[in-house]
Amino acid sequence: MDFLSTHLLSLILFLPTIAALVMFFLPSGETKLLRWFAFSASLIPFVLTLVLWSNFDPDKTGFQFQEIYPWYEALNSSLHLGVDGISVSMVLLTTLLTPLAILASFSVTDRVKPYMMLFLFLETGMLGVFMALDLLIFFVFWEIGLVPMYFLINQWGSANKDYASLKFMIYTMGGSLGLLLGIQMLGVLFGTYDLVALYERWNALDAGAPLLGMTVHTVKTIAFWAFTIAFAIKVPIWPFHTWLPDAHTEAPTAGSMLLAGVLLKLGAYGFLRLVLPFYPLEAKMFAGALAFLAVAAIVFGAFAAYGQTDFKRLVAYSSINHMGFVVLGIAAAAAAAGTADAHIAMNGAVLQMFNHGLSAAGMFFLVGVIYERTHTRNLEEFGGLFPLVPVYGGILIFMSMASLGLPGLNGFVSEFLVVRGAYPVLKIYTAVSMLGLLFTGAYILKGIAKVLHGPVNEHWARGEHKLTEINTREIFVVVPLMVLILVIGIWPAWILEVINKAVVALF
Amino acid sequence: MNFPILSVITFLPFVGAAIMLMVPADRKTEVRGIALATAIIDLLLSAWLYVQYLLGGMTGYQFIETYNWLPALGISLKFGVDGMSAPLVLLTGIVMFTGVLISWGVYDEAHHISAGIQDRPREFFAFLFLLAGGVFGVFVSLDLFMLFFFYEIAVFPMYLLIAIWGWVKTREYAAMKLTLYLFIGSVVALVGALVMYWAQYQNTGVLSFDMLLMEKANFSAAFQYAWFLPVFFGFAVLGGIWPFHNWSPDGHVAAPTAVSMFHAGVLMKLGAFAALRVGVMLLPEGAKQWAWLIMIFAAVAVVYGAYIAFVQPDLKYMIGFSSVSHMGLVMLGISTLNYNGLLGAGIQMFSHGVMTALFFAITGMIYDRSHTRQIPELGGMAKIMPFAAIGFIVGGLVSMGMPGFSGFVAEFPIFMGVWGRQWFVAVVASISIIITAAYIMRNIRKVFFSPLPEKLAEHHLTDITILDKIAITTLCLFMIGIGIFPSMMVPMISKGVENILRLLGGA
Amino acid sequence: MFTPVMFASILPEILILVLAIILLCVEPFWKEDQRRNAGWLTAGGLFAIIIVSLLFGQPGEPVAVLGGMIRFDWLGFFFKILFMFAAAVTALLLMDHEKAGQRGEAYVLLLASLLGMNLMAVSADLVMLYLSIETASIPLYILAGFLLADDRSTEAGFKYLLFGTVTSTIMLYGFSLIFGFAGTTNIYQLSELLGTGQISTLLAFSIFALVLVGIGFKLAIVPFQFWAPDVYEGSPTPVAGFLSTASKAAGFAVIVRFFFVAFPDFAPSWTVILAALSAITMTVGNLLAISQTNIKRLIAYSSVAHAGYALIGVVAFSQLGAASVVFYLAAYIATNLLAFGVVMAFSRVTGLDDLKDYAGMSRRNPWLALMMLAAFLSLAGMPPFGGFVAKVFVFVAGVQAGYVWLVIVGILNSIIGVYYYLNAMKFVYLYRMPNEDEENHPIPLSRPYAIALVVLTIGVILVGTVFAPWFSWSDAAALNLF
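Residue numbers (my numbering), protein chains in the order written: chain B, 421 to 927; chain H, 186 to 692; chain L, 7 to 488.
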């Protein structure tokens, strides 16, 4: 137990990779073995995360479960891991969604071994970002996560996968260029990459002293935007979002689940972990701009989602819409830094990240379920499916409501907190975003209506195209999500407690 | 430590070549066996040397052997390695070993395979080993005369290897162009070296080519300003520095696979290494004076090389220009003259060596089977040679500077070093990362994952051989190993860098 | 008055004379088809003489012997060894020459010429010098035109004769001027008698010019190189090889001794002349070599260029310079003989001399191809062959003397050299015989060729790798000049 408690984070982080390497030596023909192996291997980190969660002390400030291993000594960079309330909830989200995604992809028959291996690698990549307390390590995992995702989209995606995967890769890498340069600059200036040390020293920098031939303020502004753009692309914030609908639409179902569920959170997490602590002044100065972009994402995301005829694209745009609230919360927190409003907004933003992870993963999964059966995602070709697949229909409605922000489900809690926190500081933006929320309702209802209601589409009713009901395995995938959605919706305190302490300590 | 390991490593290839030439021409298998045995022994010895240096906590020049060769002129056969050169010795061992493996020569008429070297393998391996011996010699020589001696030995076999076994269409032109460029470069540097030799005599009364003594020769600043350029750029031609790079891609394209591996993997390092050792280390004031010029050239090379690689339809040209770009990074690192930059340059030399060796090896495997290198004509190789596909992807990720692979470990400090000098250059040069990502990903997809063109389907392509797989595995292991555990190499190179910085006066 | 030193000083010459006499006596008794054995005898005899000389004929402190005619020192001795080595190899190569190999006279003429060269290397007196130059030249005129049935050979002989006599006459005029002004013909006394101030610079210039014409002809430096390509192409190949190596080296032996010893005070003037000549010679030789399609002409022009490189060492006018010249010549002799040997071995079987005929040669005889590679790379100045080290030493000397520009010219020229040498190797290794299978056209090597070529190849590599002993001898030789 001792070993476990001192190495908990690194175990969670690297177990998936080790499992993937073991898988490499398993026979590629044994698909059943491979699937179950990958699934059980991904459950272990989840169980360990539960241990982590239960041992996590929300009352302590600062990072817990810290581990430091030398990595790149010449650059003073070490594998420094640690979690606080924000990251621990993200870790929970990741380790929860990965087994579900793997379970969801039991229907994949093509090259199961590399597929599963990539998922496990992806998990390590994502977890690493959330756990890293070293800027360089942060970047390492940030980039590593791209590779498995690229190949998942590129190899197991649908028709337009080449375009989508390359776009995904180039956008994200392009965005991270600024991040890379910014990190390098910090490294050169301070000779260390340790976040804890950097927080202090970077902000303690004498504002008058010239830096790289410019004033500190100018440098910080440039670096702020470099970081911001990198994360904004990942979130994605309008107008950097165009890679997302393509990538989501073309990715395999489980890929979309993780993409929407976790990868998008990386960007928002970057804002919380790096941008706000490093650039409080700049963030405050540009909070309006950020809020504008967030509101644009909310409104345009909703409009765009409404205009889609492709079910998956609709869900994809909904992600933009929902992530807009996260950014709005962040902008509000930046604008009102140090006040209770900021804390409320920030709580909402973090919870919204978690919630969106659950609901978006669920939605993408449900789209995937129906796509597997009908091989179409065109909303026009569905209609009146409710009588044919009542259980599926029920689940879909439940998920959609969560996404819509129905009180009693999780989305409502977080969006309310965001709006509550943002209103005092960013009145107009918040007001406009509420309009966006209206359209959120509109497109979600449109989606439900097109799929489930209306006259029964005879094509799916009988014959070889007869639609089959959602099966047990698929229900197992979606039920944990539904349970959490409901629990958070009714009793959010258990998670908000953890988040809030960290938020208050940080901002 | 009486065993003269450096002489053995250096002269073993010559001995091997001589033995091979004694074997009757028709006993091809025996010739290959001798070649492989020699290469394995050399690899083991160089690995042993490397491990000794790394784990023995050695600093400065080690394993020094001195034989007075021509005392009258102060020429001695002085061998020794430091943290900069020991990795390069290992690199040469690796490339030699893998080069032999993939040149083994497989002939299968039924399947239209004629991979490796069929024609006169005896001469091929003999010339290749002459080249290898010369390369080893340059890396371990501490005597300027001997350095030139081995340098020229490393140059001329290239002509024959390319002209005889190269690609029919361009081999004569490319071989001659390459040889002349390199020869011009080396003799220009030679003039500089001779001038240094006499200047040392005037300053100190010591008549010696010993570079350790030349370090203390107190060359006047004006002298250094004048002679740094010919010496540095004379060598840097072989390092593929822009604008003297254009022999390099032509040479790559025309060369047979193993020679391309040597060429890009080792020979270009030879140029950069010699430019560093003779130019920067012996003429530090000159280096400081002209660093800006090198930096500009290198930055241009980095971006321009990447861009040209992006538009190449020929796989080998693509890799060739990507080498220009990556060697530009090495030069960029050198031009910073600070700790990070030089450290990165040292790692990048190794990393790029292994990476391009891998690229060219796989390209060769593809070409041997499909008889085309035109990217538009290729496709579907992942199904035929999955192992090669994995290898190429790993190489691609290294090339992109993806964290977790050696490329990142190398590029990151280089950029940090540039930040320390001129942030603007870092920003400009970083554009290459995104271009590289674009062409690497695009080409991986096209060559390996797009559907197999009909024209190629007729060829009944076959998988690569077990020898090829061993070669690919060896190369990949090094790239991943260093990427994950930088401490496998960094402490060593950092010792070499400290020595350089000492000469630069702690700049 | 006949002391052991005197004997030792001309020991090789005596033995050569003895060898020639033996040859003359024995040869008539051999049957026609046995006469090529004269080659074995000559070569064997010369190798024996080399050994005997090394054992018993080593010089000590430099002394003037035979009434001041001869200077007995390391400089001369080392050159003699080189000449004898070259002659021995030439004899081996001559043996299987279709027309000349069976004729004993050829070997005797060779020995006679060798005798002259040996004396050139040690002459300390203008008269002696002139006589020895003629002794060396006249047999070569005959040898060049030895193939009477061959028009080109006859032309070569005549051309060589005409050029040779004209230039040596001019040189003789220079000698007479020297005698007229100095009143002595002893080279070692000239430097005092003709110091600066005694004669005008203009006069000194004219003397240099006149003497240079004669020696320049021997060296085949521009502008006295016109004869070289035609003569090399026309004369029997072994003779061409001998002409381009030993004869040239003999010229250098003279130029080094004559200029260094007799005119140290005028060094600034004649080094400038020689530097210019060196630059022009290298450049012209190399540029003309590029376009050659006949391999003998190619080597001919390249050997013109090589004289230019070696001159850099002379121009340096230092001990190191002289040593580098001597070293250069040692490496060059081995290398160029090897090149000619390969050419001979090839043309003996094929009867062809054009570059394009060498297509596919590496498949017809890989060993011969390798040796040709060694020779050409050495000529191009690539390690681990002698040419590289030799060139570097010459450049070292040039840089030391401040002739950086000349070294740069030399370096640019060696780049041109690399181009055409490698171009030639391209035929050997890359191209195939048109419409033929090379396997059916092997190029067998006869025993004398095999021996000669292997010895030369090893020599070229030894000079290029273990260069310390050769250099220290060269250095010892150079030391005698100062």
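FYI, nobody ran anything at the bench for these hints, they're computed from the structure. Quick caveat: nothing in here was measured; it's all calculated off a predicted structure. C-beta atoms are modelled at their ideal positions from N, C-alpha and C, and glycine is treated no differently. Incorrect hints may have been included.
Pairs of lysine-lysine, BS3-like flavour, derived with a Cα cap of 30 Å [to be verified]:
no., chain 1, residue 1, chain 2, residue 2
1, H, K568, H, K654
2, B, K886, B, K452
3, B, K452, B, K640
4, H, K401, H, K213
5, H, K568, B, K587
6, H, K631, H, K354
7, H, K654, H, K640
8, H, K213, L, K362
9, B, K452, H, K568
10, H, K654, H, K631
11, H, K354, H, K680
12, H, K680, H, K401
13, H, K354, H, K401
14, L, K165, L, K105
15, L, K37, L, K362
16, B, K587, H, K631
17, L, K37, L, K165
18, B, K640, B, K886
19, L, K105, H, K354
20, H, K354, B, K452
21, L, K362, H, K362
Computed list of chain B residues with no C-beta within reach of chain H, every gap over 12 Å [stated by the list, open to error]:
no., residue
22, W562
23, D582
24, G814
25, F832
Hints, one by one, checked against the model:
1. H/K568 - H/K654: holds (15 Å)
2. B/K886 - B/K452: holds (27 Å)
3. B/K452 - B/K640: Violated. B/K452 to B/K640 sits at ~53 Å, over the 30 Å cutoff.
4. H/K401 - H/K213: Measuring from Cα to Cα gives roughly 51 Å; hence the hint is violated.
5. H/K568 - B/K587: Judged against 30 Å, a Cα distance of about 24 Å means the pair holds.
6. H/K631 - H/K354: holds (25 Å)
7. H/K654 - H/K640: The given pair, whose Cα atoms are some 26 Å apart, holds under the 30 Å limit.
8. H/K213 - L/K362: Distance ~29 Å between H/K213 and L/K362 Cα, so the pair holds.
9. B/K452 - H/K568: Cα-Cα ~22 Å, so holds.
10. H/K654 - H/K631: The given pair, whose Cα atoms are some 22 Å apart, holds under the 30 Å limit.
11. H/K354 - H/K680: violated (46 Å)
12. H/K680 - H/K401: Status holds; Cα separation ~19 Å.
13. H/K354 - H/K401: violated (50 Å)
14. L/K165 - L/K105: holds (21 Å)
15. L/K37 - L/K362: At roughly 38 Å apart (the allowed maximum being 30 Å), L/K362 and L/K37 break the hint.
16. B/K587 - H/K631: holds (15 Å)
17. L/K37 - L/K165: Since the Cα atoms of L/K37 and L/K165 sit roughly 34 Å apart, the hinted pair is violated (cutoff 30 Å).
18. B/K640 - B/K886: violated (60 Å)
19. L/K105 - H/K354: violated (44 Å)
20. H/K354 - B/K452: violated (51 Å)
21. L/K362 - H/K362: It holds: about 21 Å lies between the C-alpha atoms, which stays within 30 Å.
22. W562: Non-interface label fails for B/W562: nearest chain H Cβ at 8 Å, not farther than 12 Å.
23. D582: It is violated; B/D582 is separated from chain H by about 6 Å at its closest Cβ, not greater than 12 Å.
24. G814: holds (39 Å)
25. F832: The assertion about B/F832 holds, with a minimum of 39 Å to chain H.
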